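J.: Based on these hints, arrange chain B on the given structure of chain A.
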Amino acid sequence: MKLLLIEDNPHLTEDILKGLSDQAMTVETVGLVADAKDKISVYEYDIIVVDLGLPDGNGLEIVKYIKEINPNTGVLIVTARNSIDDKVTGLDLGADDYITKPFHMAELIARVRSLFRRKKLKGSTVLEHGVIKIDITSSTVKINDLVLELTKKEYDLLLYFFYNKNKMLTKESIAEHLWGDHIDQADNFDFIYTHIKNLRKKLQKEGAGEYIKSVYGMGYKFVEA
Amino acid sequence: MNKKQTFNLLSRVTLFYLIFTFVVFYFNAKFLTREADEFIDSDLNRRFGWLESRVQYHLDKGTPADSLVGNSIKKVEKVSKRCKKTEYPIVEDVTIYHSDIERNLIHRRKIILIESKGQLYRVEMDKEVQNYYYFRDDIFDYLIPSFVVLIIITVAFNVLLQGYFLRPFRRILEQMQLFKVGKSEDIQEVETMTKEFVEMQNLFLKMVKRIDADYNHLKEYTEDVAHELQTPLSIIRNKAEGLLFSEKLEEQDAKVVKTIYDEANHLSRLGTTLNLITKIDNREFTDIKELKTAPEIDKQTEAVEELAQLKSLTIEKELHQEHSLNIDPYLFDIVLKNLLKNAIRYGTSEGPIKIKTTENTLEMSNYGKPLSFGKDQLFKRFVKGADNDQSLGLGLALVAKICAVSKLEIDYKYERHQHIFILKG
Numbered sequence: 001m002k003l004l005l006i007e008d009n010p011h012l013t014e015d016i017l018k019g020l021s022d023q024a025m026t027v028e029t030v031g032l033v034a035d036a037k038d039k040i041s042v043y044e045y046d047i048i049v050v051d052l053g054l055p056d057g058n059g060l061e062i063v064k065y066i067k068e069i070n071p072n073t074g075v076l077i078v079t080a081r082n083s084i085d086d087k088v089t090g091l092d093l094g095a096d097d098y099i100t101k102p103f104h105m106a107e108l109i110a111r112v113r114s115l116f117r118r119k120k121l122k123g124s125t126v127l128e129h130g131v132i133k134i135d136i137t138s139s140t141v142k143i144n145d146l147v148l149e150l151t152k153k154e155y156d157l158l159l160y161f162f163y164n165k166n167k168m169l170t171k172e173s174i175a176e177h178l179w180g181d182h183i184d185q186a187d188n189f190d191f192i193y194t195h196i197k198n199l200r201k202k203l204q205k206e207g208a209g210e211y212i213k214s215v216y217g218m219g220y221k222f223v224e225a
Numbered sequence: 001m002n003k004k005q006t007f008n009l010l011s012r013v014t015l016f017y018l019i020f021t022f023v024v025f026y027f028n029a030k031f032l033t034r035e036a037d038e039f040i041d042s043d044l045n046r047r048f049g050w051l052e053s054r055v056q057y058h059l060d061k062g063t064p065a066d067s068l069v070g071n072s073i074k075k076v077e078k079v080s081k082r083c084k085k086t087e088y089p090i091v092e093d094v095t096i097y098h099s100d101i102e103r104n105l106i107h108r109r110k111i112i113l114i115e116s117k118g119q120l121y122r123v124e125m126d127k128e129v130q131n132y133y134y135f136r137d138d139i140f141d142y143l144i145p146s147f148v149v150l151i152i153i154t155v156a157f158n159v160l161l162q163g164y165f166l167r168p169f170r171r172i173l174e175q176m177q178l179f180k181v182g183k184s185e186d187i188q189e190v191e192t193m194t195k196e197f198v199e200m201q202n203l204f205l206k207m208v209k210r211i212d213a214d215y216n217h218l219k220e221y222t223e224d225v226a227h228e229l230q231t232p233l234s235i236i237r238n239k240a241e242g243l244l245f246s247e248k249l250e251e252q253d254a255k256v257v258k259t260i261y262d263e264a265n266h267l268s269r270l271g272t273t274l275n276l277i278t279k280i281d282n283r284e285f286t287d288i289k290e291l292k293t294a295p296e297i298d299k300q301t302e303a304v305e306e307l308a309q310l311k312s313l314t315i316e317k318e319l320h321q322e323h324s325l326n327i328d329p330y331l332f333d334i335v336l337k338n339l340l341k342n343a344i345r346y347g348t349s350e351g352p353i354k355i356k357t358t359e360n361t362l363e364m365s366n367y368g369k370p371l372s373f374g375k376d377q378l379f380k381r382f383v384k385g386a387d388n389d390q391s392l393g394l395g396l397a398l399v400a401k402i403c404a405v406s407k408l409e410i411d412y413k414y415e416r417h418q419h420i421f422i423l424k425g
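Each protein sequence line maps, in turn, to chains A and B. UniProt numbering numbers the first residue of the first sequence as 1 and each following residue consecutively. UniProt numbering numbers the first residue of the second sequence as 1 and each following residue consecutively.
FYI, nobody ran anything at the bench for these hints, they're computed from the structure. Given the structure is predicted, the values throughout are model-derived calculations rather than measurements. Incorrect hints may appear among the rest.
Over 12 Å on every C-beta distance to chain B, these chain A residues come out as not near it, computed from the model [to be verified]: (1) Lys2; (2) Pro10; (3) Leu12; (4) Thr26; (5) Glu28; (6) Lys39; (7) Val42; (8) Tyr43; (9) Asp46; (10) Gly94; (11) Glu128; (12) Ile134; (13) Glu176; (14) Tyr193; (15) Gly217.
With a straight-line cut-off of 16 Å between C-alpha atoms, the simulated EDC-like cross-links for lysine to aspartate or glutamate are [as the list claims (entries may be wrong)]: (16) A/Lys67 / A/Asp96; (17) B/Lys354 / B/Asp298; (18) A/Lys213 / A/Glu224; (19) A/Lys64 / A/Asp92; (20) B/Lys127 / B/Glu52; (21) A/Lys119 / A/Asp145; (22) B/Lys289 / B/Glu220; (23) A/Lys142 / A/Glu128; (24) A/Lys221 / B/Glu247; (25) B/Lys209 / B/Asp186; (26) B/Lys85 / B/Glu124; (27) A/Lys152 / B/Glu302; (28) A/Lys171 / B/Asp262; (29) B/Lys239 / A/Asp38; (30) B/Lys239 / B/Asp262; (31) A/Lys67 / A/Asp38; (32) A/Lys152 / B/Glu305; (33) A/Lys152 / B/Glu306; (34) A/Lys167 / A/Asp96; (35) B/Lys30 / B/Asp186; (36) B/Lys317 / B/Glu363; (37) A/Lys213 / B/Glu247; (38) B/Lys75 / B/Asp100; (39) A/Lys153 / B/Glu306; (40) A/Lys153 / B/Glu305.
Virtual Cβ for every residue (Gly too), placed ideally from N, Cα, C.
For reference, chain A alone in the conformation it holds in the complex (with noise of 0.2 Å):
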């Protein structure tokens, strides 16, 4: 898999870099569009993550100039701006996702890697880890070939520790992931327990071994079991 990071700020780059570095992607970065039209016009990339705010131009151009050359590449528009106006000319033009600054690095991995099944495993839509498979196309968990019975939640944060094997998630990321918006003031994380606690269960009741880990009560990591 092939993803183009175009972002101008150099920690952020690194971060995202080092984010992605264990998901077996090659990731190339430029830092202002007219280089990134120049990768674009020469390689073909699978998926293409953009910011916005770019010092030399608007993201945007880049965004319509995929589309043009290349429709199939999946595109992820970044953006600090919140302002609802870029997200729909984003949408419009033809990208697949945004996600607004400050992200979660375990946010930006699970839509990156949801954008790239969408976009390229068109037949396979079996994620598997351990003896627990996820269907995405049907939504369905299985562990040992039985059907995991999972509410819309616990299904989703499996989901998202599955996109982001054997990395710290913090309760807050968690919380945003699952609730969005509606979380952005919350006032304890706590509840996040209550959940993971039933999926825990659900997990262990059918055969799967101690998969959640929990760190310092600060958040939690999905491992091998």
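T.: Only chain B this time, still in chain A's reference frame:
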């Protein structure tokens, strides 16, 4: 709203013009009639004077009194010297029937005393004045119809002018009404040769340009602030997150890092929300439409039901399907989200959170302790419950701001242990 009755300018001008003209016509007619009366009087006096001198002359010459009676002199009779001289002359108008033309005609009668050779005569003179009066009354007869004709012509002109001269004015008004901030290029210039309208239009275009420039500066500024702030915040947060899970981190340091992480989150949300308020103030949300609230409320409550349950709260709804508000859907979304968030955060399990809509109100209530500050502080920025340091203190300020720009009314009361918010369209 109490709407004052208004009339269009031309009609008012016409009305005033007609009232004024009526006054002029009326006094004109009065004046002319008086002039005519004076003329009639002086003419008759001249004639009567002449008759009088003739009678005097003949009586002095010794002509018998009876032979003086003729066309205009009706009677000449001797009277006693003792008669009341002060009563004379008597002047009066009398109506006399003329059998030859079968009509009543007005005559002026003047009775005087003449002394000749020591004898007093009573002389009665008479002159037909009907034609004089006809002439006098003709003034009114002509002026009233010409005034009516004037009314008709003026009103007809008014109607024509409304259509013709005022058309550019209406078009300019239309452009003003259609004008949306940030879309000045959509304004079509209206062709007109009327100086006042040209001036008005120029002024309007100048204002639009200024408004647009201000709008764009503010928009750019908020977007720049958002971008320049959120990017470093992203970095701080990611780095802190990385540190938080580092194996080498001591527990004490982890607490410090956690604080940095939390504060970065707080700052980021604060920036986003303040920006949102600025954008609302700048009226960047212009997708105003009549929005049915029931489906929106269902959607929002479904999303937070679980969060409410985790606090052992239930949400009860009583929705009027036809209740609607004129508002940008995105803004209504924010209003609902914030009211719900508020209700869940401050609600106690004493009773359910209730959402009720009627034909024209939306009410949301939750049980809880009374406010620890004044009711007038509730919708102000950075006012929050004493026991809640996680809150931004901006949610209700945001709601109030949205209501203000969307011309909705929001009210709050505390009754029977319940905080109640009432939204009226």
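J.: Please go over all the hints and tell whether each is borne out by the structure.
T.: Structure-based check of all given hints:
1. Lys2: Holds, since 23 Å exceeds 12 Å.
2. Pro10: 10 Å, violated
3. Leu12: Answer for A/Leu12: violated, closest chain B Cβ roughly 6 Å.
4. Thr26: 22 Å, holds
5. Glu28: With a cut-off of 12 Å, A/Glu28 remains clear of chain B, as the shortest Cβ separation is near 20 Å.
6. Lys39: Answer for A/Lys39: holds, closest chain B Cβ roughly 22 Å.
7. Val42: 28 Å, holds
8. Tyr43: 26 Å, holds
9. Asp46: At about 24 Å from chain B, A/Asp46 clears the 12 Å cut-off, so the statement holds.
10. Gly94: 22 Å, holds
11. Glu128: Non-interface label stands for A/Glu128: nearest chain B Cβ at 25 Å, farther than 12 Å.
12. Ile134: 21 Å, holds
13. Glu176: A/Glu176 is in fact no farther than 12 Å from some Cβ atom of chain B, at 10 Å.
14. Tyr193: At about 10 Å from chain B, A/Tyr193 fails to clear the 12 Å cut-off, so the statement is violated.
15. Gly217: It is violated; A/Gly217 is separated from chain B by about 10 Å at its closest Cβ, not greater than 12 Å.
16. A/Lys67 / A/Asp96: 11 Å, holds
17. B/Lys354 / B/Asp298: Holds, at about 13 Å.
18. A/Lys213 / A/Glu224: 10 Å, holds
19. A/Lys64 / A/Asp92: 10 Å, holds
20. B/Lys127 / B/Glu52: 13 Å, holds
21. A/Lys119 / A/Asp145: Distance ~26 Å between A/Lys119 and A/Asp145 Cα, so the pair is violated.
22. B/Lys289 / B/Glu220: Violated, because 26 Å separates the two Cα atoms, which is more than 16 Å.
23. A/Lys142 / A/Glu128: The hint holds at about 10 Å.
24. A/Lys221 / B/Glu247: 14 Å, holds
25. B/Lys209 / B/Asp186: Holds. B/Lys209 to B/Asp186 sits at ~12 Å (cutoff 16 Å).
26. B/Lys85 / B/Glu124: 15 Å, holds
27. A/Lys152 / B/Glu302: Within the cut-off at roughly 12 Å; holds.
28. A/Lys171 / B/Asp262: 11 Å, holds
29. B/Lys239 / A/Asp38: 31 Å, violated
30. B/Lys239 / B/Asp262: Within the cut-off at roughly 13 Å; holds.
31. A/Lys67 / A/Asp38: 15 Å, holds
32. A/Lys152 / B/Glu305: Given pair A/Lys152, B/Glu305 holds - Cα atoms ~13 Å apart, limit 16 Å.
33. A/Lys152 / B/Glu306: Roughly 11 Å between the alpha carbons, so the hint for A/Lys152 and B/Glu306 holds.
34. A/Lys167 / A/Asp96: Judged against 16 Å, a Cα distance of about 25 Å means the pair is violated.
35. B/Lys30 / B/Asp186: 59 Å, violated
36. B/Lys317 / B/Glu363: 10 Å, holds
37. A/Lys213 / B/Glu247: 15 Å, holds
38. B/Lys75 / B/Asp100: 22 Å, violated
39. A/Lys153 / B/Glu306: Holds, at roughly 10 Å.
40. A/Lys153 / B/Glu305: It holds: about 12 Å lies between the C-alpha atoms, which stays within 16 Å.
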